[in-house]
Amino acid sequence: MKKVNIIIITLMIFLISGCGSEQHNIRKAQPSAVEKYLRADKPVNFNFKPLKKKISILDLEKVSLSAKAISYKDAIVQILKSKSLNVAFDNRLDKYVQNQTINISLDNVSLRNALNTITGIAGVSWEKRQKTVWITPFESKIYDIGFLGVVRSSKATLGGDVLGGSSGSSDDNDVTSPLQGSFTLESSSNTKKGDIYKVLEDNIKNMLSANGHFTLDQSSGILMVTDEPNRIKLVTKYINAISNSYKRQVMIEAKIIEVNLTKNWQLGIDWNVLARTVNLGQRTIDFGNSIPAMVFNINKIKASRQFNATINALSKFGSLKLVSEPHLRVMNAQPAILSVGRSVSFIKKIEVTTETVSGGTSTTTPTVDISSIFDGIVFGITPFIKENGKVLLRIVPIKSKLVSLDEKEVDGNTYTLPTVDLREASTVVNVESGNIIAIGGLVSKTKQRNNSGVPFLSDLPIFGSTFKQQEHLSNNVELVILLKPIVLH
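Counting from 395, one number per residue, gives the positions in the sequence shown under this note's numbering.
Hints are supplied without guarantee of correctness; some may be wrong.
Claimed, not checked - Straight-line C-alpha distance at most 30 Å; calculated DSS-like pairs for lysine-lysine:
1) LYS715 / LYS467
2) LYS535 / LYS477
3) LYS522 / LYS467
4) LYS456 / LYS475
5) LYS525 / LYS467
6) LYS462 / LYS525
7) LYS535 / LYS448
8) LYS657 / LYS592
9) LYS742 / LYS795
10) LYS477 / LYS467
11) LYS535 / LYS522
12) LYS448 / LYS489
13) LYS631 / LYS599
14) LYS710 / LYS795
15) LYS477 / LYS448
16) LYS525 / LYS535
17) LYS592 / LYS627
18) LYS456 / LYS627
19) LYS599 / LYS489
20) LYS462 / LYS448
21) LYS535 / LYS641
22) LYS535 / LYS657
23) LYS592 / LYS522
24) LYS784 / LYS592
25) LYS839 / LYS742
26) LYS525 / LYS477
27) LYS657 / LYS641
28) LYS456 / LYS467
29) LYS627 / LYS784
30) LYS657 / LYS525
31) LYS627 / LYS641
32) LYS599 / LYS535
33) LYS525 / LYS475
34) LYS599 / LYS715
To be verified - Okay, the calculated beta carbon distance ranges per label pair:
35) SER499 / ARG723: 27 to 37 Å
36) HIS883 / SER613: 22 to 32 Å
37) ARG723 / ASP769: 19 to 29 Å
38) ILE536 / ARG486: 33 to 43 Å
39) ASP596 / THR759: 31 to 41 Å
40) GLU647 / LYS839: 37 to 47 Å
Honestly, the hints are just simulated from the structure, not real lab data.
Since the structure is predicted, the reported quantities are computational estimates derived from the model, not experimental observations.
Note that CB positions come from ideal geometry on N, CA and C, so glycine has one too.
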């Protein structure tokens with residue numbers, strides 16, 4: 395018995411000591427950061443909001459209906475009467491709805507789908523207002539057009555009197571030049587001057603019924619149309635199509651380069667030789683013998699190497715001068731223009747008027763007419779994005795260089811006659827997004843005079859000309875324009 399008591403006492407001591415050590419260990423344990431935050435005196439505010447998606451009864455409830463030659467009104471009443479929804483019919487429905495009966499078969503479809511089907515067959519519209527579904531003959535819809543409220547257009551006129559003949563005087567017997575020829579190219583980017591709102595108004599009028607009407611606020615780009623549901627669908631389809639097309643943009647990377655041709659290539663760049671280096675695609679214009687080609691496509695090499703590969707290939711024909719390197723972001727069917735150069739002002743005409751008054755006193759009054767000439771490059775471009783991702787580019791580059799200003803006196807009046815070296819072209823080319831378009835063949839001749847001589851001896855007053863030498867150089871320079879349009883989605 396004593397042995398049993400000793401064992402029991404020993405077990406009790408062991409358990410007591412174990413609990414003590416466990417409590418001791420708990421006291422030593424450090425509370426975590428979360429426990430410290432929860433034990434703090436600051437109030438804890440867990441503002442968790444449950445995610446709720448409000449589901450309309452029109453999408454939640456399912457209906458079935460099968461009937462032949464049933465009134466569309468009765469069909470609507472049947473699908474709504476058991477769904478705690480009221481229905482109201484506009485008094486004008488009988489006047490505008492021609493087919494009052496319909497054939498329909500619906501099997502476990504949503505209430506919204508059933509309403510759309512029945513009203514679509516009858517050609518009417520519906521709208522839910524609280525717990526009542528209103529059936530009306532017309533539908534109103536608001537569109538946010540958001541077009542640019544600025545009319546933009548471009549017009550290019552190139553060419554002129556190619557033979558240099560004058561038009562003659564008013565006297566038919568006085569013909570100053572019997573030889574006369576003219577070739578002029580005129581083009582416009584938009585026949586209606588780019589007024590997109592005017593185009594919208596005209597087209598929407600043709601889409602509406604006799605009872606339809608619309609309101610267009612051009613300042614905000616808000617359009618509101620009221621008409622039969624099928625006409626509203628037609629207008630919506632048109633607005634979506636024209637909005638997607640009009641709001642698309644094209645990023646155009648351009649490099650305008652002058653190639654000072656070497657002696658071996660004075661006639662211009664040979665594009666066949668260039669094709670051995672870069673992959674040429676279609677050619678738009680070729681003047682014969684491949685010299686010079688007007689426009690060509692450079693197919694995709696690598697996006698980062700296209701320009702570099704082309705420029706390296708062009709350097710084989712002469713020294714290169716980068717005139718301009720613009721980047722243009724252009725909206726679809728909207729013209730953009732780039733001008734690089736200077737405007738040179740000159741006295742176009744000086745007229746001297748002498749007026750004599752009584753007493754023999756005369757007064758001389760000069761009249762000065764000032765004009766200006768652009769010396770540089772004017773570059774116009776209009777992109778048209780197609781559905782297949784290709785871009786139709788209307789391109790008009792004009793390069794003008796002021797050669798000289800010569801004064802001429804006629805009947806006591808002084809006139810300034812400018813001489814201008816003009817290079818111009820106009821073309822329309824089709825290209826894939828990311829390909830390079832090159833415009834070449836615009837060759838002009840430049841003259842340069844170099845003076846050289848023996849130092850000191852060439853400066854002598856009389857005999858210095860013996861030790862001088864003048865060299866007249868004539869170089870041909872070809873203007874090359876590289877364009878890479880990229881359609882921005």
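Against the structure, the hints:
{"no.": "1", "hint": "LYS715 / LYS467", "verdict": "violated (78 Å)"}
{"no.": "2", "hint": "LYS535 / LYS477", "verdict": "holds (28 Å)"}
{"no.": "3", "hint": "LYS522 / LYS467", "verdict": "holds (16 Å)"}
{"no.": "4", "hint": "LYS456 / LYS475", "verdict": "holds (13 Å)"}
{"no.": "5", "hint": "LYS525 / LYS467", "verdict": "holds (17 Å)"}
{"no.": "6", "hint": "LYS462 / LYS525", "verdict": "holds (28 Å)"}
{"no.": "7", "hint": "LYS535 / LYS448", "verdict": "holds (24 Å)"}
{"no.": "8", "hint": "LYS657 / LYS592", "verdict": "violated (56 Å)"}
{"no.": "9", "hint": "LYS742 / LYS795", "verdict": "holds (18 Å)"}
{"no.": "10", "hint": "LYS477 / LYS467", "verdict": "holds (16 Å)"}
{"no.": "11", "hint": "LYS535 / LYS522", "verdict": "holds (15 Å)"}
{"no.": "12", "hint": "LYS448 / LYS489", "verdict": "violated (37 Å)"}
{"no.": "13", "hint": "LYS631 / LYS599", "verdict": "holds (15 Å)"}
{"no.": "14", "hint": "LYS710 / LYS795", "verdict": "holds (25 Å)"}
{"no.": "15", "hint": "LYS477 / LYS448", "verdict": "holds (17 Å)"}
{"no.": "16", "hint": "LYS525 / LYS535", "verdict": "holds (22 Å)"}
{"no.": "17", "hint": "LYS592 / LYS627", "verdict": "holds (21 Å)"}
{"no.": "18", "hint": "LYS456 / LYS627", "verdict": "holds (26 Å)"}
{"no.": "19", "hint": "LYS599 / LYS489", "verdict": "holds (23 Å)"}
{"no.": "20", "hint": "LYS462 / LYS448", "verdict": "violated (35 Å)"}
{"no.": "21", "hint": "LYS535 / LYS641", "verdict": "holds (21 Å)"}
{"no.": "22", "hint": "LYS535 / LYS657", "verdict": "violated (69 Å)"}
{"no.": "23", "hint": "LYS592 / LYS522", "verdict": "violated (35 Å)"}
{"no.": "24", "hint": "LYS784 / LYS592", "verdict": "holds (27 Å)"}
{"no.": "25", "hint": "LYS839 / LYS742", "verdict": "holds (26 Å)"}
{"no.": "26", "hint": "LYS525 / LYS477", "verdict": "holds (10 Å)"}
{"no.": "27", "hint": "LYS657 / LYS641", "verdict": "violated (49 Å)"}
{"no.": "28", "hint": "LYS456 / LYS467", "verdict": "holds (19 Å)"}
{"no.": "29", "hint": "LYS627 / LYS784", "verdict": "holds (29 Å)"}
{"no.": "30", "hint": "LYS657 / LYS525", "verdict": "violated (88 Å)"}
{"no.": "31", "hint": "LYS627 / LYS641", "verdict": "holds (21 Å)"}
{"no.": "32", "hint": "LYS599 / LYS535", "verdict": "holds (15 Å)"}
{"no.": "33", "hint": "LYS525 / LYS475", "verdict": "holds (12 Å)"}
{"no.": "34", "hint": "LYS599 / LYS715", "verdict": "violated (54 Å)"}
{"no.": "35", "hint": "SER499 / ARG723: 27 to 37 Å", "verdict": "violated (53 Å)"}
{"no.": "36", "hint": "HIS883 / SER613: 22 to 32 Å", "verdict": "holds (29 Å)"}
{"no.": "37", "hint": "ARG723 / ASP769: 19 to 29 Å", "verdict": "holds (28 Å)"}
{"no.": "38", "hint": "ILE536 / ARG486: 33 to 43 Å", "verdict": "violated (22 Å)"}
{"no.": "39", "hint": "ASP596 / THR759: 31 to 41 Å", "verdict": "violated (55 Å)"}
{"no.": "40", "hint": "GLU647 / LYS839: 37 to 47 Å", "verdict": "violated (30 Å)"}
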